[in-house]
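**Q** Sequence:
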Amino acid sequence: MDASAGAGVRANGPVSAPGSLVSSTLGPPLSPEELEEEPQSSLTDITQMWIKFGKTFAIIFPIYVLGYFEFSFSWVLIGLAAFFWWRRSYGSNKEYRINRALAFLEHEEKEVRQRVATSELPLWTRTGRQNGLISSLIG
Numbered sequence: 001m002d003a004s005a006g007a008g009v010r011a012n013g014p015v016s017a018p019g020s021l022v023s024s025t026l027g028p029p030l031s032p033e034e035l036e037e038e039p040q041s042s043l044t045d046i047t048q049m050w051i052k053f054g055k056t057f058a059i060i061f062p063i064y065v066l067g068y069f070e071f072s073f074s075w076v077l078i079g080l081a082a083f084f085w086w087r088r089s090y091g092s093n094k095e096y097r098i099n100r101a102l103a104f105l106e107h108e109e110k111e112v113r114q115r116v117a118t119s120e121l122p123l124w125t126r127t128g129r130q131n132g133l134i135s136s137l138i139g
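Under this note's numbering, think of the first position of the sequence shown as 1, with each following residue one higher.
In case anyone wonders, no lab produced these hints; they're calculated from the structure.
There is no bait here: all hints are sound.
What follows is a list of derived Cβ distance ranges for each label pair:
#1 Gly67 with Arg97: 34 to 40 Å
#2 Ile51 with Val112: 50 to 56 Å
#3 Arg115 with Tyr90: 35 to 41 Å
#4 Met49 with Ser74: 30 to 36 Å
#5 Phe104 with Ser74: 34 to 40 Å
#6 Arg88 with Glu109: 25 to 31 Å
These figures come from a predicted structure and were not determined experimentally.
Note that CB positions come from ideal geometry on N, CA and C, so glycine has one too.
All chains, full assembly: derive it from the sequences and hints.
**A** In structure tokens:
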């Protein structure tokens with residue numbers, strides 16, 4: 001079998017030439033910048049692991065406690081929905097939103113008065129002096 005196969009071929013496949021540039025490692029070669037970087041310390045790895053564990057625990061533990069006390073998670077969602085609705089409707093945030101909307105309308109009114117000629121505006125939007133002038137012309 002070996003005699004019928006070529007010089008660079010084995011029974012299982014081609015043989016790489018000695019001194020070839022083909023590497024047996026997987027993945028692309030590292031750049032010089034990556035070689036110069038120091039690997040992360042074990043303290044950093046441990047800290048990141050504990051942070052990830054803490055986040056996962058903070059998510060899973062409340063769900064476990066609810067199940068342990070046979071408390072349906074849907075009641076928690078209903079309670080949260082009611083709380084957020086109440087806070088949106090009656091919370092201190094409502095006054096801020098109303099004041100912000102009024103300030104926006106006042107700014108919009110000033111912009112319209114500056115851009116549009118006074119004669120094009122309806123009678124009720126004109127200032128008192130202009131209303132008096134128009135009423136004296138009409139009457």
